[in-house]
Amino acid sequence: MDFNGLSIDQAPPISAPLRFFLTAPLFAIFAGFLIFFSDASALMSRYSLESIVVTHAITIGFFGFIMLGALTQMLPVLAGAKIPKVKFATTYSHLLLSFGALFMFLGLLQNNALFTSIAFVALGSGFMMILIPIALAIKGVSNFTATVKSMANSIAFAFLIVFMGLFLLYSYISGNMSELHATIANIHSVLAIFGFAGILIIGVSFQVLPMFYVAPKFKNFCKRRVIWLIPAGLLLWSALNIFDETYALLAKFWITLFFWAFATTVWKKLSARRRPISDVTVWYWRSASIFLTLGAFLWIFDEYFKHEYIVMVAILIGGGFIMSIMTGMLYKIVPFLVWFHLNAMGYMSIPTMNEMINKKLAALQFILFIASLIGFVFAFYMPLLLEISAVCFILSMAILEYNIISVALVYMKTKKTKPEFDMSAFK
Amino acid sequence: MSTIKEYMTQDHGRCDELFATMEEKATKSLESAKEACQEFVSETERHFQMEERIMFLEFETKTGMTQGPTAMMRHEHVQMRSLMKQMLEAIDAGNKDKFFGLSETLMILIQQHNMKEEQMLYTMVQQHLSADSDRIVSMMESMIVE
Chain R
20 MDFNGLSIDQ APPISAPLRF FLTAPLFAIF AGFLIFFSDA SALMSRYSLE
70 SIVVTHAITI GFFGFIMLGA LTQMLPVLAG AKIPKVKFAT TYSHLLLSFG
120 ALFMFLGLLQ NNALFTSIAF VALGSGFMMI LIPIALAIKG VSNFTATVKS
170 MANSIAFAFL IVFMGLFLLY SYISGNMSEL HATIANIHSV LAIFGFAGIL
220 IIGVSFQVLP MFYVAPKFKN FCKRRVIWLI PAGLLLWSAL NIFDETYALL
270 AKFWITLFFW AFATTVWKKL SARRRPISDV TVWYWRSASI FLTLGAFLWI
320 FDEYFKHEYI VMVAILIGGG FIMSIMTGML YKIVPFLVWF HLNAMGYMSI
370 PTMNEMINKK LAALQFILFI ASLIGFVFAF YMPLLLEISA VCFILSMAIL
420 EYNIISVALV YMKTKKTKPE FDMSAFK
Chain X
151 MSTIKEYMTQ DHGRCDELFA TMEEKATKSL ESAKEACQEF VSETERHFQM
201 EERIMFLEFE TKTGMTQGPT AMMRHEHVQM RSLMKQMLEA IDAGNKDKFF
251 GLSETLMILI QQHNMKEEQM LYTMVQQHLS ADSDRIVSMM ESMIVE
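Chains as they are written, first to last, in the working numbering: chain R, 20 to 446; chain X, 151 to 296.
Just so you know, the hints here were simulated from the structure itself, not pulled from any lab data. Glycine included, each C-beta is placed from N, C-alpha and C at the ideal position.
Each pair of labels, with its calculated beta carbon distance range: (1) R:Ser161 x X:Glu195: 27 to 33 Å; (2) X:Glu195 x R:Lys379: 36 to 42 Å; (3) R:Ala390 x X:Asp242: 38 to 44 Å; (4) X:Gly214 x R:Ile296: 41 to 47 Å; (5) R:Pro32 x X:Arg285: 37 to 43 Å; (6) X:Lys184 x R:Leu269: 54 to 60 Å.
With the hints as constraints, model all of the structure from the sequences given.
This is the structure:
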């Protein structure tokens with residue numbers, strides 16, 4: 020049995036997850052500027068280069084970075100798994116992925132094959148450098164709980180979408196689009212959202228909702244079944260898309276049904292929670308639940324309208340569901356990490372988690388974010404809304420960055436000023 | 151009789167319940183939560199002592215591991231005791247914000263501590279001490295808190 024997760028010395032250094040968390044909002048700000056300066060009509064099509072770049076600034080830069088950062092932190096605690104060479108893996112994968120993403124955006128927007136080639140190598144090696152150690156860590160887990168299973172599934176989908184993404188990116192370098200390009204792009208995006216991100220969120224929520232909000236635990240039936248019912252639906256949907264598209268809608272119903280059920284369950288669990296406090300993170304779970312429900316239904320509805328609404332579905336599910344939850348969780352994870360690491364070093368008189376974040380600024384950040392999402396959705400009918408929504412989005416992400424930096428500064432300051440150790444706890 | 155793992159895992163659940171009751175009362179008024187807080191603190195202390203004075207000692211004697219997982223768990227107990235002490239002080243000072251800040255931090259710390267114990271340490275203890283399981287459980291049950 021491996022006890023590495025039990026020791027603070029072998030838990031990842033705070034810089035491992037923090038570097039990912041601190042970079043994520045910067046990519047979102049970049050996406051906001053790109054939306055601001057893009058033509059509304061270009062963003063209406065999911066396959067325009069502008070749309071692809073904006074989407075990947077959010078999906079690689081924001082979702083990917085937060086998930087990878089969180090996995091390095093959660094695996095030791097939730098599963099007792101130690102990620103081999105965690106410091107090396109996080110430092111270099113973070114660098115490679117950051118530059119890889121930027122080169123991909125430049126390469127695509129300027130149609131520069133050299134930049135796209137650099138991106139191909141950097142993104143490919145960056146993802147492998149972090150995904151392989153995570154997969155190895157999961158492989159060594161002895162107690163395979165539902166959450167660990169969901170992590171394993173999520174990582175399997177991560178490998179799949181990275182390979183598909185590299186294949187798609189390569190066609191921009193070679194200039195040859197295969198016949199299956201659009202089909203693979205579609206599968207790549209669905210597996211990324213529902214497979215990599217969706218399953219991980221569901222698995223982590225089994226632990227996090229009872230832990231943070233003292234909400235009732237999820238039923239064992241949900242935990243055991245959902246973890247393979249959703250991947251099965253996703254694989255079925257992918258296969259049908261390639262071989263027999265006429266039946267793909269059935270698999271889509273399957274996937275939607277479980278995600279909608281999850282949204283409803285989250286809402287009900289939160290309503291039944293024992294911890295009465297309502298803070299910005301609870302609002303984020305609530306908004307995620309609403310947006311996921313709307314997005315899931317619109318995804319089905321979209322089938323009957325020649326996929327006219329697919330970008331709106333992406334805003335509702337990507338922005339409203341996934342981004343909401345990840346932002347909300349940052350407000351919990353970052354202060355806890357700082358508190359935990361300082362406390363483990365012996366500093367007992369430090370601010371508590373909820374003292375580290377300015378509540379008014381967090382509320383403002385939430386309001387701006389939700390306003391921007393609603394604005395983006397209605398920009399379909401009123402393109403004028405696009406710019407003002409982009410401004411709201413940029414502001415909200417800038418405040419988010421400020422809020423997390425201010426927590427990280429508590430850590431830096433405490434370490435630097437080295438207040439006297441408070442030994443009262445040992446008496 | 152339940153195994154060490156079952157007995158201690160159940161005790162975690164019991165403490166969680168006391169914690170939730172304390173927080174519910176504290177939302178209404180801090181004053182009304184004082185008794186619940188004291189009960190939670192003393193029951194948690196009892197749980198810590200069952201581990202530190204009985205289970206960890208037996209485990210350390212049997213395996214010779216004194217600087218391993220039990221040292222880490224002891225360290226986390228110190229962290230939690232400090233938070234609980236500060237919570238009682240916050241109640242006396244009537245500082246609701248401080249109280250909930252501390253209770254939130256404590257809750258997360260407890261949950262991840264419990265997870266490590268339930269998923270790893272207790273399983274290992276049960277493996278090494280299965281022959282002495284009944285004796286250890288009855289010693290823990292009859293222990294008097296110092």
